[in-house]
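Chains as they are written, first to last, in my numbering: chain A, 1 to 190; chain R, 1 to 518.
I should point out that these hints are in silico values taken from the structure, not numbers from a laboratory. Note that the coordinates shown come from a computational prediction; the quantities given were computed from them, not determined experimentally. Just so you know, even glycine gets a beta-carbon here, dropped at the ideal spot from N, CA and C. There may be inaccurate statements among the hints.
[Claimed, not checked] One-sided and incomplete, this derived list gives chain A residues near chain R with beta-carbon spacing under 7 Å:
hint, residue
1, L29
2, A179
3, W183
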Amino acid sequence: MVFPMAVRPLFWFFVCFVLVGFASSLWSLLTSILTVMPMPLPYWLLYTPGNIVTAGIIVAALMLALYTYLGIALVLNKMNRGFIPITMVIAFTIGITLLLAKLAIPALVILVIAYVMLIGTYAVLISVTTTRTSKALWGVATIILALTPPILIGGGLAVINYIRYMALVEQAMAIMASAIEAWRLGTHNP
Amino acid sequence: MLRLIVLILAITSVIIIIANSIYVVPSLVAYSGIGSLGGVGYYASQPVPGVPPGLLVRVFLVNGSVVEPVDAFIDVYANAPNGIVHVSMGYSSILIVPFSNVNWQYVINKWVLLGLLGVSSSEYETSMLIFITYVKGNESWILPLVIPYNVAWIIENSRYIVVNAFINVNSIKPSGVIPAMPGITSVNLQIPSNRSGYTTYNCDLSAPKPPPETAFKPEIACLGFNGSLPATWVTWDKDVVQRDQGVEFQLTAGFLGMNRWDAMAVGYGVIGTSYSAEENWALGFYPVVFGSEVTQFGSAYWVTQPGSVYWYYGGATWAIVNYTVWFVNSSMGTYHLGNATVFEVLYVPPNDHYIGMVLDYGNGSVSLLYYLASKHYLEYPVSSIVNYAAFIYTGQEYLYQCNGPVTNASTTSGIAYAITLGGVNTAYGLSLAELGTGLGGLALGISSMLITPSTSSSVTSTYLEFFNVNTGTKLYISVIDASAVYGLPTFGFILNATNYYGIPSSVTCKYGKITQIG
């Protein structure tokens, strides 16, 4: 079970997870509607691939910061599984740096490790959550995360629509799991 | 309290994610950039209240790193199967043209009528032609753009097409704003009158509703061509006929999947895809032999004079559109702002109808393309030559291979040298970079940013085979990537006897293989 000292950081982790998820979906909702509205808008506000990538990088950076926070909080509470999210963040950072340096093969190797560690991080989250519902939702999200690469490799671009729906379900599950867990942890730690 | 807020935000996020996934709100399904000229995003969505689905043009001024909305004259035309129709215009930084626009509906009806014989309207991938004119001081900048769309989207009222046009004042050449009176402009083209591959006609179709009165007066001249649109060709000069008698060649071509014909504008290059169609064919086996007299032997064509042979799409239409815009003001007078010339394909019959092969001795469609290029109506960049190969006799016969694979095989009629140029191209609507970004987003839980790609693929294969290559054969083969010149998704082979086409001072060979023959 969770150590009492870890409750507060975990609470804030889940709260922030929901906030980042909400901010990202709200951005996509507003910007996509604004883009088709007949009004002049600055280019950076439009829902274009370039801007989506920029927003994606910001969200990714926030999520990596959150996972770092989670990892450190767990390690400080003598839960060694906290090293899994920390390793994931380090691997992602190195992988993306290698990608930017155009070292595609090493980048791919490191990013595969990072992805496996991300699945591990979800498993860590299942282990530290306290409600059954939350555990179940994280569990489904973990399964989707694990199944996505083999489906994509096997099916290629033909299955991209299924991948898209799987990803949306995964995102919704993770956000709801976090909200439910934040709700529970909040009762213990008002 | 905080717990409640978090729960509400989470539920809201999930609702947004669901709305996005079932296209209740605009969801980006495809995006294509048009070089540095702009880009177009296609958003699948239920109609947003107060915003009818249709075309939305946004104009941005690009000056260094500054990108800002700017007012410009936006003029929109729609391509019909055999002409262009004026749809809408206005002076603003944005222009919205709903699918319900009377003139656009007029064009859509022409496509629907064309398809009455059993072709679904969703098979028509036509385009809009947009001219944007930005004026500052004594200078004006004109931006021509071609925006592809599917006819069925309009019938289903299910898409928002958002065009982002970039007036880059540093890279687009400005025109001088000069006092002048509007006149009847026409495409000043001396098209050879003796022609076999096509007929010309006026393709400026009048719309049911005339354009509104503004200070900007556009004039358009549309010269239409109806006939055989080249798919791939070989051209030879008179020296080849004299020096390489007895040499035989076969042009084999195949197209599989979605073919895209790009529109070209003088001074701009590619400005978008004007027409796309599913094509699925592979043909060959009409040998051409260089001879001293015309003889019919089997199915071979014996040629005694310079010319071309080409595979074509019959019953296609294409056009040269000349656009001129004037500014008319009662107190300031009348000014000529500039003009633009666009070459675009309007229609190609789908599903490999009417494919044929024909000889062109200066009066066919391939000759027309060379003519237009020679007059600089179409640009002919050196970089469009993508490959070289040569049979050269210097006391000994050699085969020089440059960039692509050249194979030889023993056949019953001697050794065949096949030059596979263009080879096999597989193109996906989604670049790997975009896909990678999407997956990165997925891993970090930002999957709503994953863009669904258009998964259409296109495979073309074009190759030229030579037979009866003997000691003494001198043949220089240059290959042009036709899409870089004419917007045609194919390759053209040019045969010369003394040097490569255009007499390049140096030839860069990546492959650089030399084979001794005989």
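Looking at the structure, which of the earlier hints fail to hold?
none
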